[in-house]
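Asks: First to last, the protein sequences are chains Z and U. Reading the first sequence from the start, the letters are residues 18 to 404 in this note's numbering. Reading the second sequence from the start, the letters are residues 55 to 520 in this note's numbering.
Hint data in this document are derived by calculation from the structure and do not stem from the laboratory. Because the structure is a prediction, the values reported are computed rather than measured. Idealized CB from N, CA, C, for every residue including glycine. Zero decoy hints are in this set.
Simulated coverage check for chain Z against chain U, where a stretch passes if three residues somewhere in it have a Cβ under 8 Å from a Cβ of chain U:
no.	region
1	271-284
2	380-388
Below, in silico cross-link-like pairs of lysine-lysine (BS3-like), each with a Cα-Cα straight-line distance of 30 Å or less:
no.	chain 1	residue 1	chain 2	residue 2
3	U	K77	U	K345
4	U	K139	Z	K214
5	U	K335	U	K345
6	U	K139	Z	K262
7	U	K160	Z	K355
8	U	K191	Z	K355
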Amino acid sequence: MAQITVAAGRCWRYRQYIGRSNAMGAGFSQPITAAAGPSGAIYVGSRGATPWGWNKYVRITKTNSDHDFMGEFGRGGEGSGEFVWLTSVALDGDENVYAADEWLNRITVFDSDGKLLTTWGEPPHTVERRNWDPAEPASAQTISLRDESIGYQEGKLNGPSGLAFDLEGNLLVVNSLDSRIQKFTKDGVFISAFGVKGDGPGELDMPWGITVDNNGDVYVADWNNHRVQKFSPDGEHLLTFGSEKRTGVSPDGSTPYEHVISARVPVNPNDLNHPTDVAVDGDGDVYVADWMNNRLVIFDADTKPISVIRGDAHGLGPWAERTVSVNPDVASARLRAKNPEAERYLRMPTSCVFDQVANRLIIVDTWRNRLQIYEKDRSYKDPQYNI
Amino acid sequence: MSERNDLALVAHLMRRAGFGADKEELESLAAQGYEATVEELIDPPEEMPAGKTAVLLRYHPIALLPGATTNPGQFNWMYHMITTKRPLHEKMALFWHHVFATGNSKIDNCDQMMEQLVMFRRYGLGNYRDLLVELAKNPAMIFWLDNNENHRDSVNENWGRELLELFSMGVSNYTEVDVREASRAFTGWTIQPHLPRSPFGRFPWQFEYLEEDHDETEKTFLGHTGNFDGEDIIDIIVRQPATSRFICRHLYNFFVADDVQVPAWTIEPSPDEDALATMVKAFEESGYDMKVVLRTMFNSDFFKNAGYSKIKSPAEVVVGTLRMIGNLQFPEPNLASIAPETGYMGQALLDPPSVEGWYTGQEWINSGSLLARINYVADKVSDTSMPGIQSIIGHMKADGVATPEDLVNASLDHMGFLELGDETRQQLMVHASAGGNLDWSDGRAAGQRVGEMLALISATTEYQFG
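Given only the sequences and the hints, what does the whole structure look like? Please build it.
Replies: Here it is, written out as structure tokens:
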């Protein structure tokens, strides 16, 4: 398996992975989002699990490329600084951490050390549950629905799933459940919105991740339309990435269990399957977390797919080493395994970030509880094939 | 508008071949016709998904790789049962989970249990022979019955024995020598050594055939002699009349009417030997095609006349109720709370009590489980904030339901066009009459009475039998 991914005139060299499965401390629990700050710190949001009441393992972990565990903040719950369904983190110019909760419908802000600064955002107005008698007041028969039936309400958060700061320092928030992109000031004052539910150009269906390029243009992972769309700063549709072919999940539900142990995913790179996030580098190359295809697809600025990253993690990083070194059975099982190459591959990556300061692509490898990190080489020249 | 008998019949079909359907859906299905509905259940359009898999994993990533814990696997499967557009495929997965019972209590890797479910969905309505081959190669099954410990020079008979006793022929149809010989044929069928669960989570288990660990010498099995491999053994097994009878009797017990428990099948006849013979004939003449035998069964008079002759399994109770009340289409954080409910009633999904699976029929009922079943359904259907219940109430108001008799009749229709015995019906009438006519000018009070009536019906024998 190559540890270098090549496209014309550039390549992406695998540099390292960071992570391991761990319920707290040095490790992640279903990491779902990441953001890199100018200090070199990486903030990783763990979704955790909600099988037994409120989320047990949700948190934001601060680390860096030296594998330093620099602390963690946020935890499961509904109180201040707590999360039920953490979805996305984004950093402002002061490296304050903005974190979205798509169940509680709010944005929580921490400083770079994890000190809680503020919380803002309001859910949609409580919606009457289709009362059988429209003339009757809803009162006890009302409940806040968590689906698309609510309809868009300006300035309200409805399943915020993606965050990105624009060039003016305003925060773009993806409202996944009403298919809108809303712009707020850092303090949560509504500015504007664009997007509408649908599958036509410029329309969205359960969008997830978002990013802004150096020109201020906006890219949105249009999850349920299996594509990424590019918009101007004021929401005008510019481009579409991906074929929009609806491969989706196979009727028997097998798709999430496929492509896991082989290097090559036999799917056209243009056929995205529930893309979850998008990143753009300074050259305009576009990175898409192709969730159900267990890979990251790289497009050029003109929407042409130019390369695919399947994953290259290998060996034991410092955190993983701690797990293995204290468990002889695990160490032995690693030696016995006949398919060690499976450890390299991405498993339904949920997020990707291009850190222009450090020239690195960070892929959040959710079901492997780690980040896979690549650096971009812009001076790559393909050697002769007969060398 | 279809006749009530047609609606009741298609409701019966949807309870057995699926997990029930609401009144609107039943009216639509009755309008398209019973046999057309059977065909749609057996061969749903390709675009009909097994459930909202992607939505589930978006909000509950833990549900894909539950690891050692069973709970996320249970709510994963139940969410698929609730949201599936292919209910018979999901019901057949449940059927095979009953017959080929595999448990996470030993596997300790619910990821592989989920992968086994995918295999059941993919092969469960196909050819039985192909399904058995897939089962023999299924890593969860291999580990469950120790075939990874079945070596050329050290035979382990666990898989070979259960293949014959529980998965195909039933006891008394083979000898101990046959068990030994079958087991020898499956030596070398194992799981590839894989990466451990730490530090990056589980990696898929894969089937591996180790030629060097396979006993390739001659074997004599059920009167046949040769250098048999596992697939040869399966080929012989599926041709045995005992196998056809055993599988069809399982189908009858699961879909048509309660039978005695499996261990008694050697001494007790089937409740309907003629019906069983019809199913066996279809099974054998089709070359063991599950779709053919299912089609024959659902279209038969013995199936159509078998209403209220089978006690619902806990999975049918819980999933049917959740589909009826219409919530959890969106996988809320509390989705996990549904996982243990079937276990409270005696059926912890993905964790059967043993390789025998669950005892069914009246074995589902004891003083604890009966209360759990009734209280669970009554609690849910009397919650008038649930969208499915609100829909029922809305329809009743629109339809002008007014008298106590109207209330009883409409409630029975909305719970699946149920047909009650006179005594039970009279008791419902007594309760309904005590409140007089429904007064829709007080919508809340009227809705509450509807919820109470639905709860009362959920406690009837007819509802619990279904």
